[in-house]
Amino acid sequence: MAEKEATVYIVDVGRSMGERRHGRPNTDLEWAMEYVWDRITTTVATGRKTATVGVVALRSDETSNDLQEDPSFSKISVLSDLGQVLMPDIRRLRAAIKPSHTNKGDAISSIVIAIQMINSFTKKLKYKRKIVLVTNGTGMMSNDGLEEIQKKIQEDGIELAIMQVFSRAFVPFNLANPAKNEALLRDFAESCDGIYGTLEQAVSELEIPRIKVTKSMPSFKGFLSLGDASKYETALRIPVERYFRTYVAKPPSASSFVLRSGTGTEQEEAGAGAGQPSSDGEALTTVRMSRTYQIDDESAPGGKVDVERDDLAKGYEYGRTAVHISQTDENITTLETFAGLEILGFIHMDKYDRYLHMSNTNVIIPQRANDKASLALSSFIHAIYEQDSYAVARLVTKEAKPPLIVLLAPSIEKDYECLIEVALPFAEDVRSYQFPPLDKVVTVSGKIVTEHRNLPNNELHQAMNDYVDSMELDEEELPIDDSYSPLLHRIESAVRYRAVHPNDPILEPSEQLTKFAHPDKELVRRSHGSLEKLVSAANVKKVPPKTKGRKRQRETEKPLSGLDVDALLKQEPKRTKISPENAIPEFKQMLSRADSLDTIHDAVKQLASIIETQIKHSLGDANYERVVEGLGTMREELVDYEEPALYNDTLRALKGKILGEELGGDRKELWWLIRKSKLGLIDRAASEMSNVSEEEAKEFFSAN
Amino acid sequence: MTFAFPRVNRVSGSSSQLRKGWPWVSLFYAHPDNLKERENMADDSYTRDEENIEEEEVDETSFRAVKDAILFAIDVSSSMLEPRLSEGSKKSGEESPTSAALKCAYHLMQQRIISNPHDMIGVLLYGTESSKFYDEDGEHGGDLSYPHCYLFTDLDIPSAQEVKELRALAEDEEEARKILKPSKERVSMANVLFCANQIFTSKAPNFLSRRLFIVTDDDNPHGDSKSQRSAATVRARDLYDLGVNIELFPISRPDHEFDTSKFYDDIIYKTSPSDGEAPAYLQPDTNTSTAKGDGISLLNSLLSSINSRSVPRRSLFSNVPLEIGPNFKISVNGYLLLKRQEPARSCYVWLGGETPQIAKGVTTQMADDTARTVEKSEIRKAYKFGGEQVSFTLEELQALRNFGDPVIRIIGFKPLSALPIWANVKHPSFIYPSEEDYVGSTRVFSALYQKLLKDKKIALVWFIPRKNAAPVLGAMVAGDERIDENDVQKVPPGMWIIPLPFADDVRQNPESSMNVSPDSLTDAMRQVIGQLQLPKAVYEPHKYPNPALQWHYRILQALALDEDHPGEPEDKTKPKYRQIDKRAGDYVLAWSDELDATFSKMFGGTAATKSTLVKRGPKDGADSAGDPPAKRVKIEDSTGGAESEVKRCYEKGMLSKLTVAVLKDFLVAQGRSAAGKKADLVDRVEQFFEQK
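Protein chains in written order, with UniProt numbering: chain A, 1 to 704; chain B, 1 to 692.
Just chain A, same shape as in the assembly:
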């Protein structure tokens, strides 16, 4: 478990903190609070009760602290005692921390108060104690009893950090003894092993994401074995343990909520604004899933009936057959396995394709406190390393778990030796999609061609060669250590930010997160010449968006032999009327033969009426997919033939009939399917010839 923490933040809220400096848009206090809020919300985000925080205001209008009897502790108020900070505290603090009307109040005294707070809260228990003071150092400070305070801080093991709001170079001359104060604070901090720094530095460090360190637990403890120890005396077994080497850190996950009924509407009207959550989250209620179970039943309206849970058994699908499994047979489909890491054999390093890695990686290390095991494993690691080999092994992490095939690679560093383990694909994990070679072209006639527009010529080869070499990264290693999960840190910081600034819009990702989104500027500058040569040798042309996805040229629609099937089709006398059973091909063929707009009109009319008949005669949703296919084909073709109006008219008429229940009753589900399939009106974005705007097309679908 993580150590208990007690941290007191002392914020200087003196009048002078309300000033703006160096052209910054926010006041010193606001700027300082960026830092303080970030620290506090990071603690809150852990959700730990034992990570306690207290907040003290220095140079406040009021005085409120345990030592307030003593005048030297005036103008210091404890805003929040040590404890777990929750959202209501954040809201309260946000309201309380404002520039005051005074510049009085002693920073050193406030530290004494903080020590006092920590003392009475933590008693003698084990705690990580810390005081953070943020000030512009312009108040009056007394150095009375400084040594005693220092001693106390050190005795109690309190870590002290003092943040100076501005750097020395910009100290405005009209303030009281800034240089003297600075020296005092610096000496003070340093004399009790604390930190003294500028806020500028601290704020800039906020940009660097903090990585959560997770302690790994072993995911397997057992033997690395060679041979079957139960049958052969020559079997070799080394006791080992397995831990994560990599494991993807997932961003926090969000839950679903809706506004609480009743209060919800008021809340929204109360000025929280469109969609903005109000600063008090009270009005939200969780969303629950309710589940019912249905089976197909042709006799029921809608073709489905609800069934009782009690009539349900667990099972699996085998094809479309339902196989149920009785509770006593629960594990019947589980393969019997026993835990172990068993070596199958060895492969050559150079013959391993790196892309076969299927999973995160793990380390295999010798059993703890077993020197013989560590010696034995070391000999294995060194031997496969010297043989340029990897081992292939079968891993079962626990009894009855499915086996995995894993690769074991040697990893030898100066002070650490282990095997790196990663999952390999099984036969079923490999999909054989075929692609043509990239270094030659095989033509239809079977000829091998080495000069072709799809192949680079010598000039392009050379230019690519030079460009790749010029873009070589300088760093020795891949930048894994400075790359941070953009999504994870962006969401985490957005949550922290919103907690404090509920009405602000979300922020752009910080620079650190997108550092690797683009090549380094210097590298780009250096390779600029090579790139220009490459671009000219490549001669790549962007396809204008207009012609993209346009209908293929008709003459390409020929079989391999190049036979003119269109000519044959023309001879078929019966094909002037589209037959319902072969509607899609005949519709397409009719369009391709069309020599007048009338024919196109006619084809569309015929197909539309076939579609309507299909709807009318559809038993439940039986024909819906056919309808969607017919409509989709019509839409695609008419976009290609630049006759969007024909489709749009058809669809408008169809919508009327569907929603008017003229096509065999309630067909709303079909309309929903048409929407889902995005078969709406053809708008101007889809076809230049259309007179329907994008808004209109949207409107057409949204209104029922």
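Worth flagging that the hints you see were computed from the coordinates, not collected in a lab. All values reported here derive from a predicted model rather than from experimental measurement. The beta-carbon is built from N, C-alpha and C at its ideal position, and this holds for glycine as well. Among the clues, some could well be false.
To be verified - Beta-carbon label-pair distances, calculated as ranges:
| hint | chain 1 | residue 1 | chain 2 | residue 2 | range |
| --- | --- | --- | --- | --- | --- |
| 1 | A | V248 | B | E395 | 18 to 28 Å |
| 2 | B | E511 | A | A96 | 40 to 50 Å |
| 3 | B | S145 | A | D329 | 44 to 54 Å |
| 4 | B | D480 | A | K668 | 48 to 58 Å |
To be verified - Straight-line alpha carbon distances no greater than 25 Å define the calculated SDA-like cross-link-like pairs of lysine to any residue that follow:
| hint | chain 1 | residue 1 | chain 2 | residue 2 |
| --- | --- | --- | --- | --- |
| 5 | B | K456 | A | D466 |
| 6 | B | K543 | A | R354 |
| 7 | A | K515 | B | R507 |
Got chain A; can you put chain B on it based on the hints?
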């Protein structure tokens, strides 16, 4: 991956829904493995959706359903039924082309139940004497729509019964003889094609991929009959316009090479511009090597070429710009060539009717306070923070996920050797150029690919595969083409994007004691390793079917067909123990001696050892009867003793006298679960000895 159940429902809110410990309907839920990482119920379906978006192969542009339907059209003629002997083969090999085709269809059907559980498959025999098409069977009079076409398995997701029937047809001669009778009259190819057309039109409407696999040895079914030919040509065009792809699996006759130019070149379409120099892949595979030869090799080559086309090529993302330099882009498509195949999740089966039926779950979202149904647009997403929720609108949440448009942007190059073996988090994506957005993409991609391959370099890329996908840093690696022994491509040429871990994803190495092996000991181990190379020193995935996955479906098949328990599972992932002993046994013993010697030299017996390093043989222990006199591995640590102690107690029936710690140690050492109470442990130890 696991099939263990009941599925622990971490995501349910209310216990009333957990009656009787029913497992949850998996339709709703993430795989239990994934659940471990989650904390919170309401998240689950949402997160799962997101994950699906990450992995599913989608076509955003089309209204068509992303499904595949394959209809086998198998020629049943006397020459197709003529058995071909396999000479020199150990198996008594007699295989006719038709039965080979049926076996392939059966194999593919079984395979697709596992790999594509929502895709359809059907088998149409043609040239048969009898005919069958839906409600027509040719026996009750009336005109036949499709004479000599026999729809053996209707196009659908196969049922267990259909699997069984097809297996019977492929393997049971008696069954086959009834149906596989060639007709005397020649079947009309036009009719066969239109029959297929009707099957696709009615059974697989709106499928993105519909494929007709024709298996035949007749390269010229209609000879010189011009009208028959042109009728067939027109029907083939209908299929083309319907979006059905014809894939031909030609079989050469012993005395005649199959010649596609005689008939099939008029039937099969290419999808590219009619450019004589067009790359071959743009046309359907008529150039696949024709299957020929004797029975077994015929079956194998047919299997190999059908397997290579078992799944339609679906892209993971399409036309994503590959940005080679600032303002220099080409376009590529992405594919998932490697993806862990998991068994389908369990589901609920309704037992209230005559036949069991899958029950579908319908989810409604309700507000917790009033139980009213909630519209999607009302939902806000919130994170737990400081005891409350910090909320965002769906739009804001989407904006937070947005790091720009999809792109693969090269930010520099490094030698391949700079990519550490541990730097991996998941399977890679495969990319191949597309000319759709940028003409010339292929040649530029080719130049880059060849350069990276030649110089063994990788590109470091910023990778956003699709809109709102989380960006990753990836290593782009060039992969060479690989061909199998049947000349079928095994691994395509192209580039692989390997997602790299972020700093957040890298775990610290756990503490570990290090004792570096001296050369003498390492050398002894090298001797062992040298004996045990896998064939060709390569890992071949296709040799290792996933035993747990296969077993799962094998059992389901047996249950569905009410067959006997299949007995022992076949597991090719088990090491070849006998060979290991034979080849490396002596070297292991030598290494073990060296280890002991080194160890006592280094530590003089003071070091900590907890466990056996070299295991004694089973005979070693209590009964010394058959002890080989040969040199034995000396072990003087405690566990070895403890093991024989456990065995002794077992034999005397006194296991319960042993302490829980001893029992646990023993079980763990045998790879057995050590969970549960003492009685469970004793049971398990007993089981262990009984099995031996």
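Hints versus structure:
no.: 1; hint: V248/A / E395/B: 18 to 28 Å; in the structure: holds, 26 Å
no.: 2; hint: E511/B / A96/A: 40 to 50 Å; in the structure: holds, 46 Å
no.: 3; hint: S145/B / D329/A: 44 to 54 Å; in the structure: holds, 46 Å
no.: 4; hint: D480/B / K668/A: 48 to 58 Å; in the structure: holds, 54 Å
no.: 5; hint: K456/B / D466/A; in the structure: holds, 15 Å
no.: 6; hint: K543/B / R354/A; in the structure: holds, 19 Å
no.: 7; hint: K515/A / R507/B; in the structure: holds, 22 Å
Hint compliance for this structure: no hint is broken.
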